[in-house]
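Visitor: Combine the two chains into a complex, taking the hints into account.
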Amino acid sequence: GAGVSQSPRYKVAKRGQDVALRCDPISGHVSLFWYQQALGQGPEFLTYFQNEAQLDKSGLPSDRFFAERPEGSVSTLKIQRTQQEDSAVYLCACGPGVGETQYFGPGTRLLVL
Amino acid sequence: AQSVSQHNHHVILSEAASLELGCNYSYGGTVNLFWYVQYPGQHLQLLLKYFSGDPLVKGIKGFEAEFIKSKFSFNLRKPSVQWSDTAEYFCAVNAYNNDMRFGAGTRLTVKP
Chain A
1 GAGVSQSPRY KVAKRGQDVA LRCDPISGHV SLFWYQQALG QGPEFLTYFQ NEAQLDKSGL
61 PSDRFFAERP EGSVSTLKIQ RTQQEDSAVY LCACGPGVGE TQYFGPGTRL LVL
Chain E
1001 AQSVSQHNHH VILSEAASLE LGCNYSYGGT VNLFWYVQYP GQHLQLLLKY FSGDPLVKGI
1061 KGFEAEFIKS KFSFNLRKPS VQWSDTAEYF CAVNAYNNDM RFGAGTRLTV KP
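Chain order of the listed sequences is A and E. So the first sequence is residues 1 to 113, counted in our numbering. So the second sequence is residues 1001 to 1112, counted in our numbering.
Calculated from the structure, these hints are not laboratory results. Since no wrong hints were added, every one of them can be taken at face value.
Quick list of in silico lysine to any residue cross-link-like pairs, SDA-like style, CA-CA up to 20 angstroms:
1) E:LYS1069 - A:GLY99
2) E:LYS1071 - E:TYR1050
3) A:LYS14 - A:VAL112
4) E:LYS1071 - E:GLY1029
5) E:LYS1061 - E:GLU1020
6) E:LYS1071 - E:TYR1027
7) E:LYS1061 - A:THR101
8) E:LYS1049 - A:GLY99
9) E:LYS1058 - A:GLU100
10) A:LYS14 - A:ALA88
11) E:LYS1111 - E:LEU1013
12) E:LYS1071 - E:SER1005
13) A:LYS78 - A:GLU68
14) A:LYS11 - E:GLN1042
15) E:LYS1061 - E:THR1109
16) E:LYS1049 - A:VAL98
17) A:LYS57 - E:ASP1099
18) A:LYS78 - A:ARG22
19) E:LYS1049 - E:GLY1022
20) E:LYS1049 - A:THR101
21) E:LYS1049 - A:HIS29
22) E:LYS1049 - A:GLY97
23) E:LYS1058 - A:THR101
24) E:LYS1049 - A:GLU100
25) A:LYS57 - E:GLN1002
26) A:LYS78 - A:VAL12
27) E:LYS1049 - E:GLU1020
28) A:LYS57 - E:SER1003
29) E:LYS1049 - A:PRO96
30) A:LYS11 - E:GLY1041
31) A:LYS57 - E:ALA1095
32) A:LYS11 - E:HIS1043
33) E:LYS1111 - E:ALA1017
34) E:LYS1071 - E:TYR1025
35) E:LYS1069 - E:PHE1051
So here's chain E without its partners, still in its complex pose (with noise of 0.2 angstroms):
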C-alpha cells in the first residue's frame, strides 16, 4: 500500500514570505495527489489536485502544488502567505483503489 511523508511538522512564517511544503510517497504506480486543508475549528476541505496532465496544477487562493514522478513528489507552493493561511496541510494520495492515506499534516503558522 502507499504511504505519504510530510517532511515539516510545524512551519512559522511572516506574512508575505514564500512557502513551500515537502510530500513524497510511495507507490509504484499511478496515483492521484491531493492536498487538503484544514482551517482553525473548519473541516478539511480540497485546495487542489492532480489526476494527469500538466504537473504544474493549481489550487485555490494562490497555492500550486507541483507533481515530480522522478521524485516521487507533491511539494505545495505559494509565493506570498497571509495571516488567513494558517491551518493544517494535509498532502494525500490516492492509488485508484479508494484507499486514500493521508500524511501526518503540517502545520503553517503566518505571524502578521
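Isolated chain A (complex conformation) (with noise of 0.2 angstroms):
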C-alpha cells in the first residue's frame, strides 16, 4: 500500500484482557519501529525490528509487552493482562533503513476500563 497501516483504529479493552495490535508497514521497509504515546507526551520508543529480527526491545515497558514480526513485513503487539495505565495510543513506523526518517501509521488508540 500507499503508507503504513494499523488496525484497529480504536480499542476498549477491560482491565486483564489480553489484545492484539497489527501493523502492516510500507513494502520493502526494513526498519519497524513501535511507540507508545500518551496523551499530551510525545512517542516513546517501544521497540525495533529489522526485517523479522527484533534487534532492540528496550523500551517495552513490561513482560506484559511482546512484539513480533515472524516474515519480516506484518508487526503484531500484544499485550497481556492489560492494565489502565497501558491506556495511550501506540504508533507503528517504518523505514528503509538505519537512522533514516520514519514514516508513521494513524496508530491504535487503546483505552482500557
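Guide: Printed below as a string of C-alpha cells:
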C-alpha cells in the first residue's frame, strides 16, 4: 500500500484482557518501530525490528508487552493482562534503513477500563 | 541515550505572525534531526530533516529549521503562519542507532 496501516484504529479493553495490535508497513521497508504515545506527550520508543529480527526491545515497559514480525513484514504488538496505565495511542513506524526518516501509521488508540 | 527538550508546550499566534519553536537535544555524537507535524485527526508526518550539509534546512509548507551544533539546537521557524498550520509539532533526534527520541511536542494554535 501507499502508507503504513494499523488496525484496529480504536480498541476498548477490560482490565486483564489481552489485546493484539497490527501494523502493515510500507512494502520493502526493513525497519519497523513501535511507539507508545500518552496524552500530551511525544511518542516513546518501545521496540525495533530489522526485517524479522527484533534488535531492540529496551522500551517495552513490562513483560506483558510482546512484539513480533515473523516474516519481516506485518508486525503485531501484544499486550497481555492489560492495565489502565496501558491506555495510550500505539504508533507503528517504518523506514528504509538505519537512522533514516520514519513513516508513521495512524495509530491504535487503546483504552483500558 | 539522547533526550529532546521542547521549550514551549502551547503557542498561540495570529495569522501572519512569525513562528519559532525551540528544540534542544542532549547527545555528544553525530545525530539526525527531524521535525514531525501532526494535524488534527491525522497521523504524524515528516516536516523536515537534517542529516548533514547546510545547517539551514527547508521543509514543506514554508517551514525551515536551523541546526546549531554548538547549542545542540534545531529550532523550527516559519516567517508567516496560516490558520492551517494549527497542529502539534514534534522534534526528534536519531543517533544512528534507530533509537529515535521525541520531544513532548508543542501545540500550535493559529487564530484566523
